[in-house]
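Enquirer: In case you want the letters, here they are:
2 protein chains.
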Amino acid sequence: MRPLLLALLTALSLGASAAARLPNVIIIFADDLGYGDLGCYGHPTIRTPNLDRMAAEGLRLTQFYSAAEVCTPSRAALMTGRYPVRSGMAHNQFRVLRAVSTGGLPQSELTMAEALKSSGYRTGIIGKWHLGVWANDRPEHHPLNHGFDFHFGLMHSNDMNPSDKPKPKKANALVEQDPEWWNAALYRGRELLEPRTDQTQLTKRYTEEAVKFIDENKARPFFLYMPHTFPHTPLFASERFKGRSPRGIYGDVLAELDWSVGEVLKALKDRSIADDTLVFFTSDNGPWTWMGAETGGSAGLLRDGKGSTWEGGMRVPGIAWWPGRIKPGVSDAVMTTMDLLPTVARLAAVELPTDRPYDGQDAATVLFEGKTLEREVFCYYRGEDLFAARLGDWKAHFITQGSYGDPKPVKHERPLLFNLAVDPSEAHDIGEQHPDVIKRITAAVEAHRARTPKAPSQLIETVPVSK
Amino acid sequence: MRPLLLALLTALSLGASAAARLPNVIIIFADDLGYGDLGCYGHPTIRTPNLDRMAAEGLRLTQFYSAAEVCTPSRAALMTGRYPVRSGMAHNQFRVLRAVSTGGLPQSELTMAEALKSSGYRTGIIGKWHLGVWANDRPEHHPLNHGFDFHFGLMHSNDMNPSDKPKPKKANALVEQDPEWWNAALYRGRELLEPRTDQTQLTKRYTEEAVKFIDENKARPFFLYMPHTFPHTPLFASERFKGRSPRGIYGDVLAELDWSVGEVLKALKDRSIADDTLVFFTSDNGPWTWMGAETGGSAGLLRDGKGSTWEGGMRVPGIAWWPGRIKPGVSDAVMTTMDLLPTVARLAAVELPTDRPYDGQDAATVLFEGKTLEREVFCYYRGEDLFAARLGDWKAHFITQGSYGDPKPVKHERPLLFNLAVDPSEAHDIGEQHPDVIKRITAAVEAHRARTPKAPSQLIETVPVSK
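The listed protein sequences correspond, in order, to chains A and B. So for the first sequence, the numbering used here puts the first residue at 1; every next one is plus one. So for the second sequence, the numbering used here puts the first residue at 1; every next one is plus one.
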């Protein structure tokens with residue numbers, strides 16, 4: 001179908017009120033935020049009034065998944081609507097891109113920014129990119145070369161010191177606020193603003209840039225991707241929020257993140273474009289639980305966290321907001337970040353290329369009609385290896401391994417089996433009683449493997465690293 | 001102060017609109033409901049729209065505690081505003097009253113019903129009593145002899161078969177719906193209605209009786225205590241709810257409990273007395289986690305469940321609702337069921353006796369002014385023994401033991417210490433770093449012990465039991 005015809009049909013299907021223009025899209029992406037870390041997801045002492053209000057006015061998803069267990073592959077999946085192994089953005093050993101990495105998201109991939117740009121959207125990224133470390137001799141890794149018109153932020157995580165200085169030995173020391181360890185470089189486009197930016201100001205500055213971007217583009221459809229730097233450690237909050245939360249610095253940082261979300265929604269309301277804007281809030285993966293009591297997040301009732309394929313590693317908060325279009329409610333539809341590209345593509349009247357398979361599905365029925373999604377198997381990868389798979393309410397673990405730092409994978413001859421609707425905490429393996437279900441999931445996984453070839457990994461490090 | 005003068009002062013302090021009459025009080029008490037089992041406390045697949053709305057319109061407490069880890073002592077504390085050891089309603093071995101028990105709440109205790117009755121309230125209990133097994137030769141154990149004008153329900157838990165028939169061996173079999181095992185006797189006052197009631201109809205019938213009680217007493221101040229039979233196992237739901245929840249029978253039962261709460265609030269609104277009524281919803285203790293995946297509840301992010309002094313055993317949902325008086329919000333004030341008696345006593349212009357100490361505190365500032373409570377140490381008892389204590393955000397464990405069935409207590413020479421505001425999951429013992437805090441809590445506990453004598457236990461079984 002031709003884009004113009006598709007645009008017309010989409011406009012018709014959106015109804016008279018929204019037909020006037022294509023909707024803006026804002027994706028707010030927290031870093032290492034756990035399933036249990038927001039007030040509206042049940043945390044006892046973290047206060048997130050703005051996100052709670054967003055959830056009360058919008059749709060709160062209780063079974064929403066990031067498409068990977070760590071940062072880089074998760075972001076690749078969000079941007080492409082495809083499993084990270086398809087773009088080579090996963091690796092068993094290296095896990096994520098680091099400052100010394102030379103690879104990045106291949107130019108052959110179509111990003112969400114490129115897709116929306118093709119439909120006339122103005123596109124901006126404010127925050128952490130982490131899909132390639134840009135350098136003068138690697139221009140292809142810059143977000144401006146992946147469909148974004150505007151860029152402000154860090155190239156990678158805030159703990160990736162590109163210098164040779166010795167790193168702190170203990171995980172807990174990651175919160176030490178010594179700028180000697182944490183020289184994160186801040187860019188505006190290709191311009192290096194500050195080689196060692198003051199991280200206490202980052203959330204505030206991202207927010208100011210976001211409001212400015214919204215203001216400058218309020219008259220046309222825009223796409224704003226806002227991948228926050230926090231609550232990834234080391235944790236920094238500005239003066240206004242520091243020391244205020246009973247939850248400690250993690251709670252301070254979340255209070256500031258929550259404030260930021262409130263400012264973005266307020267900017268939309270103040271400019272009377274809230275009714276024309278889909279805002280989606282989620283996280284790139286589960287919480288870094290082994291960071292310690294004060295600096296690690298919480299997966300709530302879910303098992304384990306970041307880096308693992310237990311639910312805590314990949315099930316994250318997911319809140320969709322669009323006044324007048326999304327009815328307030330709670331949904332247990334199974335959705336993933338990979339669904340966002342097909343979903344916004346249709347809203348934006350973008351015809352996706354047919355030369356590649358998409359793993360995400362258009363989730364319009366979930367967001368706008370309160371339905372669940374008929375979906376094939378959802379696969380949980382750790383690096384490049386498929387560890388587990390969910391089919392309906394059932395999840396089978398073929399291999400298990402604890403969070404990020406655990407060196408020992410355990411292969412299960414008889415896969416572990418959990419009914420996630422009944423037992424979201426994965427406490428009761430009932431594989432023995434349901435060999436038929438395991439058979440069904442195993443067959444679905446084999447079919448998935450057959451249609452999901454792995455590209456050579458972009459994450460292999462070729463530069464010697466001082467540790 | 002004389003009751004009449006106190007009533008006048010209370011009326012004045014309540015302001016002009018509420019001064020017209022003393023407020024009704026309804027306490028809805030779930031059985032074995034866990035901290036993580038409601039939608040508004042973060043459960044992914046259990047839907048509780050009525051309780052969620054009640055929470056959104058009222059005050060949702062995130063640090064609310066039952067005053068005991070199991071059923072009988074918890075109810076004694078609620079009814080008396082005092083630690084269960086004071087009334088002899090705790091025991092290390094027997095834990096709760098059973099069908100063969102001959103003891104009960106001593107007549108010397110002043111119950112919430114008696115307190116409110118003294119101020120002209122009409123009082124009713126609909127549901128499970130469990131503070132004494134009434135018999136013709138033990139008239140003192142009947143709720144009608146503890147201040148209640150009206151009674152409809154069971155004398156004890158729904159799994160306490162007083163017959164000699166063999167019990168199911170496996171815990172999971174507790175959900176078997178064989179009436180041969182589960183002959184729960186239903187009473188209206190002293191009249192035995194059905195020796196083996198149909199438990200699938202219990203929640204529905206409790207609800208009908210509650211609406212009728214409200215209707216009959218709408219013109220005067222009333223106190224309705226509604227201790228539900230579920231989600232204590234065995235689990236039964238009526239046809240309308242059975243088989244509907246993705247969470248299984250536990251979810252069905254909670255959906256019906258949630259419906260019941262909705263009916264009660266609707267009855268108040270329909271009769272225009274919602275503005276004159278404080279409704280408080282909570283649970284008697286944490287979830288029976290070792291019951292298995294489908295029939296055991298969830299403590300959410302909290303550790304362990306029913307029977308233990310880890311947070312999961314005693315921290316429970318707590319929702320206060322009073323349109324026009326309680327402002328919508330979330331509070332992390334530390335409160336316990338023992339606070340409810342002093343709180344409603346003041347609202348009802350009741351002067352509590354001065355011949356006994358109360359452990360609960362008037363929590364009006366929490367409910368009506370959005371403040372926290374300056375409180376002394378809160379102690380976690382397992383049976384008659386003090387296992388742990390909370391002072392501010394700090395909790396020290398002197399003895400730990402897993403849930404209900406775990407036979408081995410572990411005494412800690414250096415108490416375990418957790419900061420619950422930072423680490424609600426009690427995952428990071430930081431006692432080593434804070435000897436000063438342990439010292440402070442230990443001193444507070446010694447002071448508590450000195451002012452908290454233990455009465456002889458009422459729970460000792462003197463009748464031979466067939467197991």
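Rather than coming from a laboratory, the hints here were simulated on the basis of the structure. Where hints are given, some of them may not hold.
List of simulated lysine-lysine pairs, DSS-like, C-alpha gap at most 25 Å [to be verified]:
#  : chain 1 : residue 1 : chain 2 : residue 2
1  : A       : Lys-242   : B       : Lys-411
2  : B       : Lys-371   : B       : Lys-327
3  : B       : Lys-371   : B       : Lys-411
4  : B       : Lys-117   : B       : Lys-242
5  : A       : Lys-269   : A       : Lys-218
6  : A       : Lys-266   : B       : Lys-117
7  : A       : Lys-327   : B       : Lys-439
8  : B       : Lys-212   : B       : Lys-266
9  : B       : Lys-266   : B       : Lys-218
10 : B       : Lys-327   : B       : Lys-408
11 : A       : Lys-371   : B       : Lys-242
12 : B       : Lys-242   : B       : Lys-327
Enquirer: Taking the hints in turn, state whether each one holds.
Expert: Status of each hint after checking the structure:
1. A:Lys-242 x B:Lys-411: Distance of about 38 Å is beyond 25 Å: violated.
2. B:Lys-371 x B:Lys-327: Distance ~12 Å between B:Lys-371 and B:Lys-327 Cα, so the pair holds.
3. B:Lys-371 x B:Lys-411: violated, 36 Å
4. B:Lys-117 x B:Lys-242: violated, 38 Å
5. A:Lys-269 x A:Lys-218: Within the cut-off at roughly 11 Å; holds.
6. A:Lys-266 x B:Lys-117: Distance of about 51 Å is beyond 25 Å: violated.
7. A:Lys-327 x B:Lys-439: violated, 53 Å
8. B:Lys-212 x B:Lys-266: Distance ~12 Å between B:Lys-212 and B:Lys-266 Cα, so the pair holds.
9. B:Lys-266 x B:Lys-218: holds, 13 Å
10. B:Lys-327 x B:Lys-408: violated, 45 Å
11. A:Lys-371 x B:Lys-242: holds, 22 Å
12. B:Lys-242 x B:Lys-327: It is violated: about 35 Å lies between the C-alpha atoms, which goes past 25 Å.
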